[in-house]
Amino acid sequence: MTGPYSQSFAIQGKNFFNAGKASTEIKTMLKDLGIDPAIVRRVAIATYEAEMNVVMYAEEATLIVEVTPRAIRILVNDRGPGISDINLAMQEGYSTATAEMREMGFGAGMGLPNIKRNSDDFKVSSTVGQGTKLEITVNIN
Amino acid sequence: MQLSEVRRLLACDVFWGEEFLDRAIKYGCASDLMSDVLAFSRADALLLTGLVNIQTIQTAFIAEIGAIVFVRGKKPDEAVLKVAREKKIPLLGTPHSMYEASGILYQHGVVSTMECSSGVGCARGN
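From first to last, the protein sequence lines are chains P and B.
Note that the working numbering numbers the first sequence so that position 102 is 102, with each residue one more than the last.
Just add 141 to the spot in the second sequence (first one is 1) and you have the working numbering.
Everything labelled a hint here was simulated from the structure, so no lab data went into it.
Backbone N, C-alpha and C fix where the C-beta goes; we use that ideal spot for every residue, glycine too.
Warning: the hint list may mix true and false statements.
What the hints assert, rightly or not - Some chain P residues near chain B, calculated using beta-carbon distances under 7 Å:
hint : residue
1    : 44
2    : 86
3    : 90
4    : 91
5    : 94
6    : 106
7    : 108
8    : 139
9    : 140
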């Protein structure tokens, strides 16, 4: 690999039918690159949770995946309501989900904690009324 | 145990994936919460669930679940079957409740993927 490999995905909010497509493509891409399956699984889970958060709460987002020989970085930048209390959102079980989201099997307050659990470095920043930014890093070594 | 044994023990219908009945099942998890499946499952585990929609299959694919058993007689529709075929995840259905189905498999040595307080009968305690 000469330089970082990068790919960008557009995620549409409220589109439950397409939810998971970006994560599925990323998972396949990382497998094809020959990355360790255990690392691929961690990235896939973190990315899928991030994607579901966009689908459930935001209007739209850009998801960028960067692969370097040392790490995989996922950047998610959404346009949406933002998170007013990030510390609260990081607590397992805290959720502002609607009944529709819960019917999909999500919205149990595990999204951000699950992303953290599966990443080596995780940063979340948000501006209420504008959107949320996630930076997820999973080390390869 | 093999997936064919799960089928026998739980009197399952096979909705799709006859050719995968020789898959080895070592761990099980039972949940309708897909985030819990993402958090606590393991690759190649069996998922027992009452949630029958596309996100169930998508979650199973991301978490590398070996097979799904829908409980209490629930059946997937064509849209769900289509995604399962694409992702090569066998789908079975049992008339048992989630509680009963879990109990039967646990009795036959399929341990939990989740951490448990006793440290016995779960992936991390064995």
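Hints and how they fare:
Hint status for residue 44(P) relative to chain B: holds, with the closest Cβ pair at about 5 Å, below 7 Å. For the restraint placing residue 86(P) at the interface with chain B, the shortest Cβ-Cβ distance is roughly 18 Å, beyond the 7 Å limit, so the hint is violated. For the restraint placing residue 90(P) at the interface with chain B, the shortest Cβ-Cβ distance is roughly 14 Å, beyond the 7 Å limit, so the hint is violated. Proximity of residue 91(P) to chain B is violated relative to the hint, the smallest CB-CB distance being about 13 Å (cut-off 7 Å).
Given the 7 Å rule on beta carbons, the hint for residue 94(P) is violated: about 12 Å separates it from the nearest Cβ of chain B. Given the 7 Å rule on beta carbons, the hint for residue 106(P) holds: about 6 Å separates it from the nearest Cβ of chain B. A hinted interface residue such as residue 108(P) counts as satisfied when its beta carbon comes closer than 7 Å to some beta carbon of chain B; here the least separation is about 5 Å, so the hint holds. Nearest Cβ of chain B to the Cβ of residue 139(P): about 19 Å, over the 7 Å cut. The hint is violated.
Interface hint status for residue 140(P): violated, as the beta-carbon distance to the closest one in chain B is roughly 18 Å, over 7 Å.
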